[in-house]
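Number of protein chains: 2
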Amino acid sequence: MSAFGSRAEDLDRDDPLADFREAFALPEGVIYLDGNSLGPPPLAALEDLNEAAHEAWGQGLVRSWNTAGWIDAPTRLGDRLAGLIGADPGEVIVADSTSVNLFKLLVAALQARPERTVVLSEPGDFPTDLYMAQGAVRTLGGGRRLDLREPEDLEAALGPDTAVLLLGHVHYKSGRVRDMAGLTARAQAAGALVLWDLSHSGGVLPVELNACNVDLAVGCTYKYLSGGPGAPAYLFVAKRHQDSLISPLGGWMGHAQPFAFEDGYAPAEGIRRFACGTPPILSLTGLEAGAALALRAGPARLAAKARALGDLFIEVIEAGPAAAALSLASPRDSGERGGQVSFRHPQAYAIVQALIARGVIGDFRAPDICRFGFSPLFLSFAEVEAAAEMLGEVVAERVYEDPAYSVRTAVT
Amino acid sequence: MSAFGSRAEDLDRDDPLADFREAFALPEGVIYLDGNSLGPPPLAALEDLNEAAHEAWGQGLVRSWNTAGWIDAPTRLGDRLAGLIGADPGEVIVADSTSVNLFKLLVAALQARPERTVVLSEPGDFPTDLYMAQGAVRTLGGGRRLDLREPEDLEAALGPDTAVLLLGHVHYKSGRVRDMAGLTARAQAAGALVLWDLSHSGGVLPVELNACNVDLAVGCTYKYLSGGPGAPAYLFVAKRHQDSLISPLGGWMGHAQPFAFEDGYAPAEGIRRFACGTPPILSLTGLEAGAALALRAGPARLAAKARALGDLFIEVIEAGPAAAALSLASPRDSGERGGQVSFRHPQAYAIVQALIARGVIGDFRAPDICRFGFSPLFLSFAEVEAAAEMLGEVVAERVYEDPAYSVRTAVT
Chain A
55 MSAFGSRAED LDRDDPLADF REAFALPEGV IYLDGNSLGP PPLAALEDLN EAAHEAWGQG
115 LVRSWNTAGW IDAPTRLGDR LAGLIGADPG EVIVADSTSV NLFKLLVAAL QARPERTVVL
175 SEPGDFPTDL YMAQGAVRTL GGGRRLDLRE PEDLEAALGP DTAVLLLGHV HYKSGRVRDM
235 AGLTARAQAA GALVLWDLSH SGGVLPVELN ACNVDLAVGC TYKYLSGGPG APAYLFVAKR
295 HQDSLISPLG GWMGHAQPFA FEDGYAPAEG IRRFACGTPP ILSLTGLEAG AALALRAGPA
355 RLAAKARALG DLFIEVIEAG PAAAALSLAS PRDSGERGGQ VSFRHPQAYA IVQALIARGV
415 IGDFRAPDIC RFGFSPLFLS FAEVEAAAEM LGEVVAERVY EDPAYSVRTA VT
Chain B
55 MSAFGSRAED LDRDDPLADF REAFALPEGV IYLDGNSLGP PPLAALEDLN EAAHEAWGQG
115 LVRSWNTAGW IDAPTRLGDR LAGLIGADPG EVIVADSTSV NLFKLLVAAL QARPERTVVL
175 SEPGDFPTDL YMAQGAVRTL GGGRRLDLRE PEDLEAALGP DTAVLLLGHV HYKSGRVRDM
235 AGLTARAQAA GALVLWDLSH SGGVLPVELN ACNVDLAVGC TYKYLSGGPG APAYLFVAKR
295 HQDSLISPLG GWMGHAQPFA FEDGYAPAEG IRRFACGTPP ILSLTGLEAG AALALRAGPA
355 RLAAKARALG DLFIEVIEAG PAAAALSLAS PRDSGERGGQ VSFRHPQAYA IVQALIARGV
415 IGDFRAPDIC RFGFSPLFLS FAEVEAAAEM LGEVVAERVY EDPAYSVRTA VT
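Going down the list, the sequences are from chains A and B. Here the numbering used here is used: the first residue of the first sequence is 55, the next is one more, and so on. Here the numbering used here is used: the first residue of the second sequence is 55, the next is one more, and so on.
Mixed in with the good hints, there may be bad ones.
Said to hold, decoys possible - Computed cross-link-like contacts, SDA-like style, restricted to lysine to any residue with a CA-CA straight-line distance of at most 20 Å:
hint	chain 1	residue 1	chain 2	residue 2
1	A	Lys227	B	Ala314
2	A	Lys293	A	Gly245
3	A	Lys227	B	Arg117
4	B	Lys293	B	Ala239
5	A	Lys227	A	Leu202
6	B	Lys227	A	Ala314
7	A	Lys227	B	Glu316
8	A	Lys227	A	Asp422
To be clear, the hints were calculated from the coordinates, so they are not data collected in a lab.
This is chain A alone, in the form it adopts within the complex (with noise of 0.2 Å):
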């Protein structure tokens, strides 16, 4: 037994959340701290799949767009979503894929601030964001961009010029939690609007978009809230820009009356004008359980054991035998902490490929981070200690020198 054993035995013991470990199908051999890149399968979900699939589209056929409520399925799961973000019902809708969420909203803040040429967010923030914001100026043009800005300098550059911060909740390499409220309130003071990216926060962390007064917001649901893989996103309008905002991607299923097909476009009232062509009814499926669980977990709880897995692992690596080697490369203090947890080191690609062949999953994030989620619905802290004893094993021991942990073929 290691020298963290009886702890972890005592905090799996008085664990809240230790239940819900049975609602989920993993495969056995493995600790999975990849719940943050895509969430593992609830039992539920696959019951919800395998009777939409022949139940739903194999019986009921079309007639299942009334009957198996799949048309109002993007609103009524964004009303379940909405109660994990802080959000009201009437506020979020879950439809297409957080990049088009993200082009949706950026275009139509723009539109909405038009003497306001900048989008302001900063360097490093996760690709698609900054790639989305892009094509959102280099579509609308006059003069418009995307300005980056260190951390520590974007305060600063908020003035007349910008239009929208873009910013991520909690940041997809590092964990480090933003400051949603303060940034908030200071680019509103500004004049901006602000989009929070809550792909990394949301359901896992308490976030309280009407709390903070925020504006727009995006979110995936294939990470914490386990909707499976590619499953579509979420987008939040405050109730008090709905009637303003006009979504670029002004679809059928956003239109006022999508089935008297008349030929002008004519948005619907409300948070629906944000939806844009036919939702991908299978993959929406996949999500009803995963948002069920994370909600009657709670972000509280959710939050509190993530960020004790998070201390947990980092206690044990660094009391280990790899604490020289590798460099923690998120904040130490939790409360600044999304659900992960990264180390640095020269080699993180090799080291969590020779991890995922030990049965451990993690993900490297180039150059040379490894990145480790504590995803509370099915860890626990056992699995935990094991999983960091493995990485110090791993590193201390030269493992990853072996060459079959070089070659590159994951994609993600």
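Assemble the complex: chain A is given as a structure, and chain B must be docked to it using the hints.
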């Protein structure tokens, strides 16, 4: 036995596609004439979905992006669909919805013809096509506009202002087929690019994109291709345009190096630059089997049977008791028709509801269209004959006057 009984029997006996019926899951007691709205599941799709959920998602977890081929699914499926629409490998990708793909290609095309301001289309074409065009010109600004002209006036409207001619290959209400080769040539002679929507032709008619020198196309996969409800759409960009067109929605999956996580957007080589966010894998998985079945049957045999089914339906209606009450809203010449036949009647909505209650599923399109799709992979001539006789009876006996059939609950 009806007057057409032996004819339908003969046609079924000689049907080279008869065996494909066994490849589909269909409910008992239903004649499904709405495969042009939502195709039924191939049995193999149900198996694929089960495997994708339990094995690839549940056991493979995040590793399945590599080991289950998820990352390549959009281009692998695109190459498969290319064989159905006269495109070459590397010219088609499966991504997003038809609506989103329309926006990508319209904006890219408008930016490639900066001195031209008009998207030309026709009134009454599928609404989302027109809505997305309205969104594209609204977003780009610069005096750009959507100009709608009646079919007989379209050619005369092509001129030095026309940037893009946008048309549905087969009209969603009438089933009328457009002259793809002729209209493409005339639009290009006027200096415009052409964008075809193949939603109602791909997988049921021979489509010859490259033989017709088409520039751009989009299409839907949940109709004749049986990809499942809201399955992702496809888009085609001719090889000659791939280097010069830039998607406004350049997300990380369309980046030259998605996993280098660079701040600056650099479009991928080839068709992959038109991908955007993370693809909805479960919804993509549902498409594998339907696309394979359509390829195996082949567009020529699919079209021949679909048209013969439609001819039989028209014949039975017009020889029956409702001949005078129903007016054909589709071309009589099957060579000018896609896989569907529509009839007009002032009580079209209630007629369709009465038919559904009797197990014949077609659909209503406002204001007065009863639309019937003749998917050639799973329908028999005997079923189509029986459905036509049922329609004749519902109309001739005024079954539709039952108030139960006028309640507007259905949305599709």
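Taking the hints in turn, this is what the structure says about them:
Restraint check: the Cα-Cα separation between A/Lys227 and B/Ala314 comes to about 13 Å, which is no more than 20 Å; the hinted pair holds. At most 20 Å may separate the alpha-carbon atoms for a hinted pair to count; A/Lys293 and A/Gly245 meet this at roughly 18 Å. A C-alpha spacing of about 19 Å is found between A/Lys227 and B/Arg117, which places the hinted pair at or below 20 Å, so the restraint holds. Restraint check for B/Lys293 and B/Ala239: the C-alpha separation of about 17 Å stays at or below 20 Å, so the hint holds.
This hinted pair checks out: A/Lys227 and A/Leu202 have alpha carbons roughly 17 Å apart, not beyond 20 Å. Taken as a hint, the B/Lys227 and A/Ala314 pair is honoured in the structure, with Cα atoms around 13 Å apart against an allowance of 20 Å. In summary, the hint linking A/Lys227 to B/Glu316 is supported, as the alpha carbons are separated by about 13 Å, within the 20 Å threshold. The straight-line distance between the Cα atoms of A/Lys227 and A/Asp422 is roughly 10 Å, inside the 20 Å bound, and the hint therefore holds.
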